[in-house]
Amino acid sequence: MKKLIPFFTTLFSSVVAYADYAMPIQGNKYAAEVDSLYGFLLNVSLFSFVLVIGGMIFFVLKYKRKTDNDGTPYISHNNTLEFLWSFIPFLIFMFVFAWGWKLYYQAKAYPENAFEVHAFGRQWAWDFQYKSGRMSTGEMVVPVGKPIKLIMTSSDVLHSFFIPAFRIKQDVIPGAYTALWFEADKEGEYQVFCAEYCGKSHSTMYAKVKVVSQEEFETWLAADPMKAYDGLNLADRGLKAMKTKGCNACHYLEKDQALVGPSLYGQFGAKRNFVDGSSGVVDEAYIRESIKMPNAKKSVDYENGIMNLIPVNEKEISWIIEYIKSTSKK
Amino acid sequence: MSQPGQNYLNHEKGLWSWLTTLDHKRIGIMYMISVFTFFFIGGVFAMLMRLELFNPEPLFAAQTYNQMMTYHGAIMTFMVIIPGVPAFIGNFILPLLIGAKDVAFPRVNLLSWYCLMVGAAISFATLFFAGVDTGWTFYTPYSIQTNGTVLMVLGAFVMGFSSILTGLNFIVTIHKLRAPGMDFFKMPLMVWALYSTAIIQVLATPVLAITLLLLAAEKLMGVGIFDPALGGDPVMFQHFFWFYSHPAVYIMILPAMGIVSELITTFSKKTIFGYRAIAFSSIGIAAVSFFVWGHHMFVSGQSQLAAVIFSFITMLVGVPTAIKTFNWVATLYRGSIEFRSPMLYALGFLFLFTIGGVTGIMLAVIAADVHFHDTYFVVAHFHYVMVGGTLMAIMGGVYYWLPKMFGKMYNELGAQISFLFIFCGFNITFFPQFLLGSYGMPRRYHQYLPEFTSLNQISSVGSWTIGVGFLIGLGVIVHCIKWGPKAPKNPWGGKTLEWTTDSPPIHENFETTPVVTEGPYEYGK
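Chains Z and X, in that order, give the protein sequences.
Position in the first sequence counted from 1, then plus 12, gives you my numbering.
Position in the second sequence counted from 1, then plus 1067, gives you my numbering.
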C-alpha cells in the first residue's frame, strides 16, 4: 500500500500536469515543438472524449428505462447535424495532419553544415564512427548547439535508432542507408533505445548521446582512445576494452553465467563441446579464434552464427585473454 | 416441418454429427469453442508477459519472453479476433438476420472451420520445435534468419484461407439469400458490417498468402526478395505485410461495430440514428482501409512523400469512424435504455473505442508518430481498439445471442460483475501504457529501465483483474449453457428476424420463410 501511493501520485500528476503531457525531457527546440503539437492533440481529444462519452453517460442516465412499455420517438436522421459532425472532425483532422506534416519535413531537412557521424546497428549494440577516425560503441559524443547528422546502416537485421529526448526515431536497415539529424540545446546525457524488435537482446540494445561543449568535444575527438588504458594492468584493460566494444550486450563480463553467448568471466580452461562431436578447452588460441572467426567452431551449448566480427586488435585480444584468465580458477 | 421440441442442437446427435455438420449454427458453435480455447491460450501468454514486466529485471530468459510475445500476438490476431466476429458470431447469426435457411455454401463453410483448425495446429506445432520469436509481424530479415518461421507462416497461410472462404460465403449469402422483401436498406446494420468485412477478407487476405509464401520461398530457397544479403529489400516485406494487415484491422473492428449497432438499438428500444450513414461508413471504411498501410511505416525508411500521403488518407478513415460513434450516441437520445450486460458491453465499447480512436488520430499525425512509433503508446492504442473495441463487442454479442444459441438465459448479476472486472482491469492495464509510451518505453522489451517500473506494475495488476473478469465470464457462460433457465423467443424485445424464431432455432431456422416489409429497427413507429 505504501508503494501504491507514489504510483498513483505519479500517474495523476502526469495526467494533469499541463506543461508535462507525460513526455520525456525536452532535449531541444524540436522536442518542444512536437510537444506543443501533442499538447494540442491531447486537449482536443480530451474535449471530444468528454463531449461524446459525457453525452453518452448523460443520455443513459436520463433516458433509463422506466417501464417495459416506454415509447421512444422515431428519429431516423438529421442532415444538418450529420453534416456538422462529419465536417468539423474533418477540419480538425486536416489541421493536425498539416501540422504533423510541417514538423516532419522540418525533422527531415538536413542542414548542409551538419556534423556527420556514421552509426551502425548490430545485434545488440550501436557503433559510431567519426570522420577523424575516432570510433565508439554505446556512446555517441557530440558538441552542443551544432546540427548532427547520423548516417546509419545495420550489419544484420532491422534496428531503429530512437532518442526520446529529441522526439526522433529512424529505422536502421541492412543494405541501405537512412539518416537522422538533431541539434542538442543543452549538455547532458540522453538515452538511446533500439525501437525495432531485433531478437534476443533487443531490450538491452541501449546507447547514450553525450552532449558536451565544443572544446570538450574537440579534446575527446582528438584524444587517443588508448590513453584511457594508461595505468591499468592487462586484466583491467581487458574488462574496459570489452565494455567499450559492447561485448556485454551478449556476454556477462562479471559473473560466470551464460547470456546469449558464454560468460567471459571465469571460463578459462573450461571445456567446450562442438556439434561435430569434438571438444576443446578455452585457451588463448580458442579465445582468439572465437573473436577473429566467431563461427569457426559450432558449440553445442550456445547459439551459433549470431556473433558479428568486432574490430579488435591483437593487443586488445591479449588483454581480454588476461582478464578471463585472471577471473578463472588456477 | 419439425417436431415440437426439436432444434438444431438435438436435430442430430454425437460428435461425428458435429464434425460433419453443414448447419451454419453448429459451425458457429464450433467456432465459438475454438475461439474461446485460443483466447484462453493467448490470454495465458499475455498474463505471463505482464508477470515478467512486473519488475524491470528479467524473470524469464529473453528468448522465452520474445516467444510468448510472438505467440500472444499471432494467436490473438489470427485465431481469436479475425475469426471472432465474422466466423463465430457471423456464422451463427447472419442467416438468421436475413431470414435464410443457411449460408450459400454450407460445405465451404465447414471447410473454412477445418482450415482454421489445421492452420492453428500447424502454428502450434512450432512450439514443439524451437518456437518462433519474430513477433506476429515476421519482419525480414530477422524472420529469415531464425528457425520455425516457415512452419508458423504456413499455419497463418492456411488460416488465411479460412478467412477468405468465410468472406466469399458471406458475400454470396448476403446477395442471394435475403428473405423476400429485404432490400439492402432493410438489412440489419450487422449485415452491412459483415458485408464490408467480407469484401476485405476476400481482397486483402490473398496478399498475405502471397507474402507469406514469398517469405517461405526466401527462407527455403534463398530467392533474394527480402533478404538484403541476397540483394532483396526488407522494407518491401513491410509494404506487403501491412497491405494485408492494415485492412485486417478492419476485418477485426467492422463486424464489432455491427454488433454494437444491434445492441444499442435493442436496449434503447429506439430506431438507429442515421441508418444510411452507418451503413455507408462501413463500406467507406472498407474501401479506404486499403490505402493507409504506410502509416505503420512512417519511420521505416519509406519516402517522405509517401508518409505524407498515407497520413492524409488515414485522416480520411477517421471521419466515417467518428460518424458512427456520433450516431450511436445520438441513438441513445430519448431512448428507453435498459442496462443489461450486452448493453453494458456496448457502452464499454463506446468508451474504450473513443479513446482508441482519438489516440489513433494522434498516431496518424506524422511528427507525433515518429516519437510514439514502436513504443507502448502504440501497444496501448491498438489494445484499446482491438480489445476495448472488438473484444468488448464480441462479449456483448455473446451475451446478447446466448439465449438464441442455447435457448437458455444467463445469470445477469454474474455477467455484470464479470463486465466490471474486465472494464476496470482493462483501463488499469492499458491506460498506463500510453504514459509509458509517451515517456519513451519501446515495445517488445522483456526488461526495462527502472524509471518505467511503477507504471508497469500498475499495468500488471490490471492484467490480473482482466483475467479474473474473463474467468467469471466463462463461469457465467458455462452455467448458462448447462443450468440456465429456459429463454423465450425474444428475451430483449428485439426487432430483427432472429427473434421471430424459436430459441434455440430449429434446424431450418424458420418454420416458414419470413417476409420483410419494414426496416430492421422500427421501434416507436
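Bear in mind the hints are in silico, worked out from the structure with no lab data behind them.
Don't take every hint at face value.
[Claimed, not checked] Ranges of calculated distance between the beta carbons of each label pair, as one might list FRET restraints: (1) Gln1371(X) - Phe52(Z): 15 to 25 Å; (2) Leu1487(X) - Asn55(Z): 46 to 56 Å; (3) Gly1289(X) - Asn320(Z): 14 to 24 Å; (4) Phe52(Z) - Tyr1181(X): 44 to 54 Å; (5) Gly1289(X) - Met238(Z): 39 to 49 Å.
For clarity, every value in this text was computed on a predicted model and none was experimentally measured.
Note that beta-carbon positions come from the ideal geometry of N, C-alpha and C, so glycine has one too.
Verification of the supplied hints:
{"no.": "1", "hint": "Gln1371(X) - Phe52(Z): 15 to 25 Å", "verdict": "22 Å, holds"}
{"no.": "2", "hint": "Leu1487(X) - Asn55(Z): 46 to 56 Å", "verdict": "30 Å, violated"}
{"no.": "3", "hint": "Gly1289(X) - Asn320(Z): 14 to 24 Å", "verdict": "21 Å, holds"}
{"no.": "4", "hint": "Phe52(Z) - Tyr1181(X): 44 to 54 Å", "verdict": "51 Å, holds"}
{"no.": "5", "hint": "Gly1289(X) - Met238(Z): 39 to 49 Å", "verdict": "42 Å, holds"}
Of the numbered hints listed earlier, the single one contradicted by the structure is hint 2.
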